[in-house]
Amino acid sequence: MGIFELKGVTKRFKDNLVLENLNLDIPQGSIFGILGINGSGKTTILRLLVGYYKPTKGEVLYLNKKLKKVEGKLRSEIGFTTQDSAFYPKLTVEENIKYFGALYGLPKKTIESNSDRILKLVELDHVRNRIAEQLSGGMQRRLDMACSLIHVPKVVILDEPTEDLDPLLRKDILHLIKKIAEIGTTVIITSHRLEDIEIVCDRVAILHNKSMIRSGTLDELKEEYSSSEEIHLQTKNQDYRTIVKNISQYDTYYVDGSRLVIRAKNAERILHEILHIIENTKDKLIYVDVQRPTLEEVFQSLTKDVGAQKDFLRKQ
Amino acid sequence: MNRLFTLIKKNFRLIVRSKASALMIILGPLLLIMLVGAAFNTANIYGIRVGVYSEEYSPLSEAIIHELNQGDYATQKVESEQACIEGVKNGIFHVCSVFPNNLKVDLGGNIQFYVDNTKTNIVYLISETISANIGKKSQDLSFQLTKGVVDTLEDIKDTIEDREDLLDEIKSLNEEDKVLLGIVSNDLAGMTLNYEKTDIPLGTLQSQISDSNSSAGSAFNAVESKIETILEDTSKASSKRDSSLEKIQTLSQNTESSKFSIAQMQKTFDSIKRDVSGVKETGVNKIVNPITSDIKPITTQKTHINFIFPTLMIMIIMFVSMLLTSTLEIREKTSRVYFKNFITPTSTTMFTLSNYLTNLIIIGIQSTILLGAASYFFFDNIATSIPLLLPALFIIISFFLFLGILLGNIFKTEETNTITNISLGFIMIFFSSAILPIETLPTVIRSIASFNPFFISETLLNKIILFQAPLKNVLEHFLLLSGYLIGIIIITLISKKITKRGQ
Numbered sequence: 001m002g003i004f005e006l007k008g009v010t011k012r013f014k015d016n017l018v019l020e021n022l023n024l025d026i027p028q029g030s031i032f033g034i035l036g037i038n039g040s041g042k043t044t045i046l047r048l049l050v051g052y053y054k055p056t057k058g059e060v061l062y063l064n065k066k067l068k069k070v071e072g073k074l075r076s077e078i079g080f081t082t083q084d085s086a087f088y089p090k091l092t093v094e095e096n097i098k099y100f101g102a103l104y105g106l107p108k109k110t111i112e113s114n115s116d117r118i119l120k121l122v123e124l125d126h127v128r129n130r131i132a133e134q135l136s137g138g139m140q141r142r143l144d145m146a147c148s149l150i151h152v153p154k155v156v157i158l159d160e161p162t163e164d165l166d167p168l169l170r171k172d173i174l175h176l177i178k179k180i181a182e183i184g185t186t187v188i189i190t191s192h193r194l195e196d197i198e199i200v201c202d203r204v205a206i207l208h209n210k211s212m213i214r215s216g217t218l219d220e221l222k223e224e225y226s227s228s229e230e231i232h233l234q235t236k237n238q239d240y241r242t243i244v245k246n247i248s249q250y251d252t253y254y255v256d257g258s259r260l261v262i263r264a265k266n267a268e269r270i271l272h273e274i275l276h277i278i279e280n281t282k283d284k285l286i287y288v289d290v291q292r293p294t295l296e297e298v299f300q301s302l303t304k305d306v307g308a309q310k311d312f313l314r315k316q
Numbered sequence: 001m002n003r004l005f006t007l008i009k010k011n012f013r014l015i016v017r018s019k020a021s022a023l024m025i026i027l028g029p030l031l032l033i034m035l036v037g038a039a040f041n042t043a044n045i046y047g048i049r050v051g052v053y054s055e056e057y058s059p060l061s062e063a064i065i066h067e068l069n070q071g072d073y074a075t076q077k078v079e080s081e082q083a084c085i086e087g088v089k090n091g092i093f094h095v096c097s098v099f100p101n102n103l104k105v106d107l108g109g110n111i112q113f114y115v116d117n118t119k120t121n122i123v124y125l126i127s128e129t130i131s132a133n134i135g136k137k138s139q140d141l142s143f144q145l146t147k148g149v150v151d152t153l154e155d156i157k158d159t160i161e162d163r164e165d166l167l168d169e170i171k172s173l174n175e176e177d178k179v180l181l182g183i184v185s186n187d188l189a190g191m192t193l194n195y196e197k198t199d200i201p202l203g204t205l206q207s208q209i210s211d212s213n214s215s216a217g218s219a220f221n222a223v224e225s226k227i228e229t230i231l232e233d234t235s236k237a238s239s240k241r242d243s244s245l246e247k248i249q250t251l252s253q254n255t256e257s258s259k260f261s262i263a264q265m266q267k268t269f270d271s272i273k274r275d276v277s278g279v280k281e282t283g284v285n286k287i288v289n290p291i292t293s294d295i296k297p298i299t300t301q302k303t304h305i306n307f308i309f310p311t312l313m314i315m316i317i318m319f320v321s322m323l324l325t326s327t328l329e330i331r332e333k334t335s336r337v338y339f340k341n342f343i344t345p346t347s348t349t350m351f352t353l354s355n356y357l358t359n360l361i362i363i364g365i366q367s368t369i370l371l372g373a374a375s376y377f378f379f380d381n382i383a384t385s386i387p388l389l390l391p392a393l394f395i396i397i398s399f400f401l402f403l404g405i406l407l408g409n410i411f412k413t414e415e416t417n418t419i420t421n422i423s424l425g426f427i428m429i430f431f432s433s434a435i436l437p438i439e440t441l442p443t444v445i446r447s448i449a450s451f452n453p454f455f456i457s458e459t460l461l462n463k464i465i466l467f468q469a470p471l472k473n474v475l476e477h478f479l480l481l482s483g484y485l486i487g488i489i490i491i492t493l494i495s496k497k498i499t500k501r502g503q
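From first to last, the protein sequence lines stand for chains A and B. Read in the numbering used here, the first sequence has 58 at position 58, and its numbers run on one by one without any break. Read in the numbering used here, the second sequence has 186 at position 186, and its numbers run on one by one without any break.
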C-alpha cells in the first residue's frame, strides 16, 4: 500500500491545465523523486498531496483514505520544505523550530527534546540562538528542513531542496536527506536536477506534458528505457568520421569536445570494430570508456518533446 | 492555548525585532496625538501680528490700537490698505485691520478685518479675540455716552422734585378758590329778590288813604312809584344774581378742571420721577448692554483639545487598528511561511485570533498611554469613566481590528490595502462630526451617517469621557457597536473561508 496515491488527477487553474489524468503511487519508507522540467507541475503535485490544492478531477489518497477524511491526521504527519526557505527570518533558529513544534500541537517537553535532536540532525545546534536571517544559505535550507521535522513526521516533502545551492552545500543537503530517510521517514523530493535525484532516490516518477509518463526504481527505468551503452573515445588524429562510417548498428553518436560518443546496444562488439578501424587507419587511441546510461538519458528517452529537452538541458 | 500563545509571542517578537516597525507602532500614535493636540490646543494664543491701516488716525482709533497692544497682539501700521492685505497674503500679518478715516464716536464707523481663511485653525480665534477687544473699546464709549444721558435725566428729576411744592401750592389755592366760590354761590342763591307789586297791599292802603286824606293820596302815589322802582331794581338784581350764579358755576367747574389737570400733572411728574429713578437704578451698564449673552459650557473642559480628544482617540484607534491588522494579515499571507503554516494542524481561525489578540494588546497599550497622558494633562475625572470606558474601548478596538483583518484578507498587496484603509477611514471621518457637524449634512446622508461606526464610537466616547454619561444613556451605542462587532467577525470568518488560498 502506497502512502500517497493519485488517481486520475487533473488540476486546472482557470484556463491553465497543469496536470491531466495523473496516476501515481508513492510507496511508504522510500525516497521518492519526482522529475520534471521547470513548470511541469511538480510543485502542484506536492501541494495536491498535502491538500493545499484540491484536484479539479480525480482523487488523492493518503494511506488509502480520501484526503478530505484524513486531513487533520495528514497535517500532523507530514513535513514540507518549500523551494524558498520558509521560516521567520527575525526569529532565532530555536524559536523557529519551537514555533512550528507548537503549531503541530506538540507538548512543551516534546518540543524541547525534539528540537535538540533535530538541531543535531541538521547540524545547527551550535547556532540555535542565532537570528535566522544571519545564517548562510545552506544553514537556512537546513533550518527549513528542521522546521518540517520537529514533529517527527511520517512523510517529509522536499520541493527542490538543492535549488540555488553551491555543489558543496548540495552535497550536504543530499546527505541530510539520506539521514532523514534512515530514521524511517518517507521522503518525497522534487527536482529538475537529475544527478541529485539519482544520488538520493530509490524510486522516481517522470513528469512530462502534464502527466506522469513513467515511474519505478532507477534500475528499472535505466534497464527499460536505456538499453544502450555509451562508448567515449578519443584518438590522436580525431578522424571520427572514418570511425562512424565504418562501424555498424549503433544508435546514435555525437562529438563532445575532442571526444566521440557513440551510443549502441552492443557496445562490446562496436568497441572491437572501432579498435580495428583505428589500427587500419594508423591512428592512436588516447582515451576509451564504456558508460552505463544516466538518469538524464532515461529522461531524454522518455521525453520526446525535443524543445522541452533542449530547455531542460540548457537549464542544466 | 499553547498554539495561540506561541502565535502571539511570535508576532510580538517579529514586531520588536523589526525596530522601525516597533518605533512606528508604539511611538507613531503618540506622536500623532501630541502634534494634533498641540495644533488644536486653544488655551493660549501668542504673538498674533496685526497690520493696521487708516488714512487718518483719530484718538479713538489710536485707543483701539493701544487696546490691542495691551493684549498678545503686535500691531504694525502700514502705509496702505493694499499693503496691509498683501501682508496677510504673505504671512507677515495674521490679520489686517482697516480703520475708517478719522474714526469718531459721533460719526460712527466700521472697522474692517482681513483674514486668511486658509488658516482655519486660527482665523476664527483671531477674529473672535480682536472683535472682542474692539467690542470692549466700543462698549466703553457707549458707556460714557449713555452715562451723560442718564445724568441729564437725573438733573431733570431733581428739578421736578424742586418744583413739586409750587404744584402743591397751586393745588391748595385752587381748593380754597373752590370753597370761596361755593360760599359766594350759596350767599347769592340765598338772597330773596323776587318781589311782585301784588305782594304789597297797596290797594287797601290806597282805599284807606282816599277815604281819609287827599294829601295822603299823593304821598301814596309817590310811595307807589318808589316801590315800583325798587321792584324793578330788585328784578334786575335777581337777573344779575342768576347770571352771576351761572358764572360762579362755570368758575367752579374750571377750578375742578384745574384740580384734575394739577392731579394729572402731579401724576406725570411722579411718573417722570419714577422712570428717571428706574433708569438710575438700571445702571448705565445695563442700558449699554440691555441683553447680555453668556455661553456656559456644559462640560468643565478648558481647551479645544479636551473636546476633540475622544474624536482624536477614535481616529488613532481606527487607523492604527485597521492598518496594523490588515498589514499583518497581508504580510502573513504573502510570506514564504504562509504555506508552511497552512499545512500545520493549526486552523486559520487560530491565526486570525492571534492577529486580533496581538493587535488588541498593542492598541490596548497605546490607548492606556493616551488615556494616562490625557488624565495627567487635561482630564481630571477620567477615572470615574473607566467602568464604561474600558468595555467601550474594547468593543471599538475589536471592531476596527476585525475590519482590518477583513480588508487584509480581501486585498493581496500592501499598497492596495493601505490605500483602501486610508480611503475607508477618511470616508468614515467625513461622515461624522470630526470635521464638520453631522447636522450640516443633508437629511438622507445624515441618517445614513448616523450608522457610521466611527460616528457611533465618537459619540459614545464623547458621552463617556466628556459627560460621564451613565450606562442607560449610552446603552444604544453599546448595543449597536456590539452588533457591528459580531457582524464583522462573522463576515471576516466567512471571507477567510472563501478566500482560503490554494483551492
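Hints listed in this document are in silico derivations from the structure and should not be mistaken for laboratory results. Every value quoted in this text rests on a predicted model; they were computed, and no experiment measured them. Be aware that a few hints might be false.
[Claimed, not checked] Straight-line C-alpha distance at most 25 Å; calculated SDA-like pairs for lysine to any residue:
id, chain 1, residue 1, chain 2, residue 2
1, A, K90, B, K19
2, A, K109, B, R13
3, B, K236, B, L251
4, A, K54, B, T418
5, A, K68, B, L251
6, A, K90, B, L251
Which earlier hints can't be squared with this structure? 4, 5, 6
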